[in-house]
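Let's have the full structure, built from the sequences with the hints guiding it.
The residues making up each chain are set out below.
Protein chains: 4
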Amino acid sequence: IMSKGTVVLAYSGGLDTSCILVWLKEQGYDVIAYLANIGQDEDFEAARKKAESLGAKKIFIEDLRKEFVEDFIWPSVQANAVYEDRYLMGTAIARPCIARRQVEIARKEGAQFVSHGATGKGNDQIRFELTCYALYPEVKIIAPWRIPEFYNRFRGRKDLMEYAQKFGIPVPVTPKAPWSMDANLMHISYESGILENPKSQAPPDLYLMTKNPADSPNEPDVLEMEFRNGVPIKVTNETNGISKNAPLEIFSYLNEIGGKHGVGRIDIVENRFIGMKSRGIYETPGGTILLKAHLDIETFTMDKEVRRIKQGLGIKFSELVYNGFWYSPECDFVRHCIAKSQENVEGKVQLSVFKGQVYILGRESPKSLYNEELVSMDVQGDYDPCDASGFIRINAVRLREHHRLQGFSGKKQ
Amino acid sequence: IMSKGTVVLAYSGGLDTSCILVWLKEQGYDVIAYLANIGQDEDFEAARKKAESLGAKKIFIEDLRKEFVEDFIWPSVQANAVYEDRYLMGTAIARPCIARRQVEIARKEGAQFVSHGATGKGNDQIRFELTCYALYPEVKIIAPWRIPEFYNRFRGRKDLMEYAQKFGIPVPVTPKAPWSMDANLMHISYESGILENPKSQAPPDLYLMTKNPADSPNEPDVLEMEFRNGVPIKVTNETNGISKNAPLEIFSYLNEIGGKHGVGRIDIVENRFIGMKSRGIYETPGGTILLKAHLDIETFTMDKEVRRIKQGLGIKFSELVYNGFWYSPECDFVRHCIAKSQENVEGKVQLSVFKGQVYILGRESPKSLYNEELVSMDVQGDYDPCDASGFIRINAVRLREHHRLQGFSGKKQ
Amino acid sequence: IMSKGTVVLAYSGGLDTSCILVWLKEQGYDVIAYLANIGQDEDFEAARKKAESLGAKKIFIEDLRKEFVEDFIWPSVQANAVYEDRYLMGTAIARPCIARRQVEIARKEGAQFVSHGATGKGNDQIRFELTCYALYPEVKIIAPWRIPEFYNRFRGRKDLMEYAQKFGIPVPVTPKAPWSMDANLMHISYESGILENPKSQAPPDLYLMTKNPADSPNEPDVLEMEFRNGVPIKVTNETNGISKNAPLEIFSYLNEIGGKHGVGRIDIVENRFIGMKSRGIYETPGGTILLKAHLDIETFTMDKEVRRIKQGLGIKFSELVYNGFWYSPECDFVRHCIAKSQENVEGKVQLSVFKGQVYILGRESPKSLYNEELVSMDVQGDYDPCDASGFIRINAVRLREHHRLQGFSGKKQ
Amino acid sequence: IMSKGTVVLAYSGGLDTSCILVWLKEQGYDVIAYLANIGQDEDFEAARKKAESLGAKKIFIEDLRKEFVEDFIWPSVQANAVYEDRYLMGTAIARPCIARRQVEIARKEGAQFVSHGATGKGNDQIRFELTCYALYPEVKIIAPWRIPEFYNRFRGRKDLMEYAQKFGIPVPVTPKAPWSMDANLMHISYESGILENPKSQAPPDLYLMTKNPADSPNEPDVLEMEFRNGVPIKVTNETNGISKNAPLEIFSYLNEIGGKHGVGRIDIVENRFIGMKSRGIYETPGGTILLKAHLDIETFTMDKEVRRIKQGLGIKFSELVYNGFWYSPECDFVRHCIAKSQENVEGKVQLSVFKGQVYILGRESPKSLYNEELVSMDVQGDYDPCDASGFIRINAVRLREHHRLQGFSGKKQ
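Residue numbers (full-length UniProt numbering), protein chains in the order written: chain A, 1 to 413; chain B, 1 to 413; chain C, 1 to 413; chain D, 1 to 413.
Source of the hints: derived by calculation from the structure; they are not laboratory data. Some hints here could point you the wrong way.
Intra- or inter-copy, both count: the list cannot distinguish identical chains.
As the list claims (entries may be wrong) - Dumping the calculated BS3-like pairs for lysine-lysine here, alpha-carbon to alpha-carbon at most 25 Å: (1) Lys260 <-> Lys211; (2) Lys234 <-> Lys199; (3) Lys244 <-> Lys25; (4) Lys199 <-> Lys244; (5) Lys199 <-> Lys367; (6) Lys158 <-> Lys176; (7) Lys58 <-> Lys348; (8) Lys348 <-> Lys244; (9) Lys166 <-> Lys25; (10) Lys166 <-> Lys49; (11) Lys348 <-> Lys199; (12) Lys140 <-> Lys176.
This is the structure in structure tokens:
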């Protein structure tokens, strides 16, 4: 039988993508299994063997952790990237990282097709596919959960299990949690299943990356984070002298400390790109520490009006990334502008991590615009307080005119 | 001797404004002492007696707590008002509240002058005076800390103490804290003195409104907050059944719970309107709980795109209020728009307060745009996953074109 | 044969929608022909007869001109709605007007389906359908130009002509212009065909609504436009005393004057919602006059900072409307905010229309914030020029600090 | 007598700054007269002699025309800089150009002071002085029109004339126009005097830079403008073959053509930084042509979403420049971002200039994202119209949900 061509499948090792792998073969494709290591807790060798046993033509297990931190987490730190005021986008920034390598493999292997196991209602399908189209415009995408032949055949987990048994796909021995989960170096997200009811509280044993603050240590860890160009270049634990200075090591250590103290748990309802509201629970320990520390050093070193403009760009960046446009002309542009704004974001922040919280304790910088003498209540310095009278009166010109007009119109304040 | 006219002085009962009161008399003014109760911890009767003894022509002690909550805190809650991503503006929203009454008194008493004890480097002078000019355009403002005759005479606390002794002004018996402080129902702020060094950590005994999270209870309080039109109309403590439903009572209760669990402490450097960076430490217990709860119910009930526009308006609102433009045509306009956006922000949020943190547990609303069936992974419903393919491909049109052009230009991704 | 149901077809009387009408019948639908009069030059009675002869079950010819002006053009005037700095959106605002009535008819007639002749690459399909879905969520939409059975059958005009002949559809006797065109009260747009080459100049005889400025009168018309709440309530031609004060009459008169003087011709490339660039030529005579006049009276009467916020909302409004979201929660919200901003936009503007241009000559308003005495170079009035020194020096605090830091960093200006 | 120090005075050669020169000497300063040639019509040698005769210690006449075009006009073209939708800011961009050289001279000559003749109610004082403070933070500024001793002595033109006669300052022989005027390469502005009444029409003989469109040629000039990096690199008159390719030559030629055809006249009310509304009349012939041409090539070559973000940055840029913040960290940042956005803004625009209007005729670019095949109505190409159905339906998810909720709330559309 003639092959329909080669598909690079983003393979997770789980039941869904295992069934997809077999199903794609059934449809006549050669399948290359591609498994990205972005820091999730996974037995990659077992996954390799499984993919082999299912008939993958070739298997790529790629350690993307370093580039995930440097190329995706770091720019997000510079941007103070938060979607809808709360979500740090651990999943959203992982998708372009995974898909970028996937299309590199597809190009290298001459595959015309890529495939993934993302569902048809979610954001991830969009993030995967926009990345693929942006970097490999002529690629063809097979999204089984949007193909009626597939989704009508696999209407529930039971169908997948039966299919697995029929085709010799090893099935999970532990029962599935009543929610779905996505893990990487940045965060773990939990959604669907019993969490779909937005009123139901998350069970306390759901969290895997962070300790319950009620059970976390009664002593804080005190860290000093050093930044240059808006990204951390060193973290030192002042409690025990431990110090890290490579990006992946820094981030992993912040995860460790944040996890130990229960930092970064949120329970939110968010707006998906496709216009639905969904409920998600996230834990982002290291990312939360970094956000707080970066906000502090940034405000300390950046001009006020640059900060205001950059804040708007950061919000834009977050929307773009959440919606899957990491690889787009506008996101390239925004990233460039944000990176430019970070040139003086340099210095050290002292902070304490304790019981789910991050407390900023102090900061210092050779590039700070903070001028202790200028602001001091005890020193007049170069500043003439009389100038403030003129400043205020000129700012009031407009307000007084407005009042005059209101008087004319007979309106009341 | 002819009086130069009548001044309404925003009087705090402290050393500075007591000296100003006497100094204004010395300059030939009749002085009306005006003391606003906006929830600070103060012996108002003692302050009245002190003002009388210093020769105030008249004394107004005004309980503004209810209007502070309803007219100033509530609109800020609707706006999710946060300045520079962190500061909840407890001082900034108190100033227009205080000054509004001050000019009402001035108008009623036929006073042409108002005066205050705010310094010449800070934001508060601006907030006070812009409010005064906006509501009483022809008013004349006496800001002693910007008048050379005054500030050259009182170069330090020692000069004030000597003046006080000379003019029989009672002097504080307890030594002054090595920082200055501003308290009201919303928050306490701490700044200057030893805090001017941005690296120096705040001493643990600084905080008066919140308990140290290390010493706070080991059991959370679980609250249910009910909102209508984007403001709380009821709070119930699910732990003990206590319930409040009047604005001032609700807010005071949230302060109590937040304070008990150490919620709302921040240490930041911020950008003043006059272009200096300053370091401030704030504790905003009830306001922090409210911000988190409101964000949750708002995102749950508000359309995604309305939310995006409203988020921008909220940032604008925060800048305006921080800079002293509460009473301005643009802030009126923004407040109106934000209030409009809150019409469906209605429902209940469950949350837990523990060790300095606020954890959202769940939410429900009769007005929610959340559609459990639509978003469910287990129900297809009205939603056709195939539509997503078209959605993604159309979104990719532009990205693929961009890639085509890049190919042309010989550029690299 | 059982009918598949009833379709309300947006019928234009032209070849395309006539073929669609017959084709829908062929597919088993009952067809209601709906023809909206939004000011295009059309023989509506001939169109009615044609639809009857083609077997339409029912025919609605609806005069929407008044509501088009009042409900769609007027809010756009308030918004200064311009897409991508140039396009006044005559087509974009007509689509929701047409589709609103279409779904009213569908609901009233119990039709489950609506249909239209818009192409699959354009914006209009989106504008029609988003309106339909927003106002009649359960409606089913038949878009033949996106149905393979249809578009594969009708690959070019020749196929339509053959089909027309076969089914007795009257065919146009005049040859089709080598571009397509969309006309209504607001504008005529020209695109595709020979205009698809963005370098080809539009032929001079293309324009139907405006005279060539080279041939337009050598004398201007001088108008006075009176506004209230940001919309015109009266226009008077000062040259001849002609005066109009009903919305449709005002707008039609402005079209007449603008057309006579060749006002409002543009040739642009724009970005469609679906991510393509397209070239369009537009003539919007009355709308162009109104935009200029409204901008003038608005700036004259609106506070500067309100104007700045409102300018942003106007740009947002334009994007939403261009993209088809007239009926959306966010567009409702933005329209509400913009309308609020217009409460004082009242007064008279004098302008001259000549050779393709609109020249503002002067303006007056009972609500203006313009204060001739305040601004006068010859009168000092209440304004103290010394205040400006303080204003400037305080604004410079930040700039001087920045310079200090740059010195530190050794950077050059 | 000891000199109080050296002042660099921005000298225009006119009556005001001649009096200021003498007055500064009277006050005990050494005065360096600095006269910038930014393209105004001026007898510079006569001005030099005059300054000499008035006792200037040194005289600098600086030809800044080239740097005005390259460093100030070009970035404004890239930004599509327009203040409040109409004003092209010819004065606002000249001020930092002039003041930059002024502080260079002051530094070089060891002068601690700079001075200018701008009034105390206007924008120019701010633009001059913010530039000076930004580039020479320790400079001292003498603004006579804000010094009571000066402005009380010179309450009107009569006082200046008397002073001039007393001190041998040559007085103008022609009567002053009943308005004031500011001219440079970019524009001439007219304001104050009889123009302070916003209803009074500008007299037809006011304009000096542009011909009255009624008297302009009856034949257009047709130009081709070539852009690279968002700035013009060549202009060719297709009518006569004349071609220019150096910045100053290009801009001067556009002024010539625009002036010949009466392009760029506006009569507006604008909001000054200090909160007043003022009426200004401007003629900006070359700048208006450039704005239209740049808008066209930019939209033709720039990605839609980049354009949207850049549009916001351009508005911000305009506000900053209008308010005098050309030299500020935020304006540096915005200029950098805008310049980045222009990297692909390259190609040729054909346009016709006629009777006060600029008509775009066509455009071409090697970097365009315009895809004639993709957008063609006659070619399906790679585009699948069925995708649009999914795109629309997904965009409608949110709108349909909103309608569902409205039904619940019993609200009406």
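Right, here's what the structure says about each hint:
| no. | hint | result |
| --- | --- | --- |
| 1 | Lys260 <-> Lys211 | both (6 Å within a copy, 23 Å between copies) |
| 2 | Lys234 <-> Lys199 | between (41 Å within a copy, 18 Å between copies) |
| 3 | Lys244 <-> Lys25 | neither (46 Å within a copy, 63 Å between copies) |
| 4 | Lys199 <-> Lys244 | between (41 Å within a copy, 22 Å between copies) |
| 5 | Lys199 <-> Lys367 | between (47 Å within a copy, 14 Å between copies) |
| 6 | Lys158 <-> Lys176 | within (12 Å within a copy, 60 Å between copies) |
| 7 | Lys58 <-> Lys348 | neither (47 Å within a copy, 50 Å between copies) |
| 8 | Lys348 <-> Lys244 | within (14 Å within a copy, 44 Å between copies) |
| 9 | Lys166 <-> Lys25 | within (14 Å within a copy, 48 Å between copies) |
| 10 | Lys166 <-> Lys49 | within (19 Å within a copy, 65 Å between copies) |
| 11 | Lys348 <-> Lys199 | between (41 Å within a copy, 9 Å between copies) |
| 12 | Lys140 <-> Lys176 | neither (32 Å within a copy, 39 Å between copies) |
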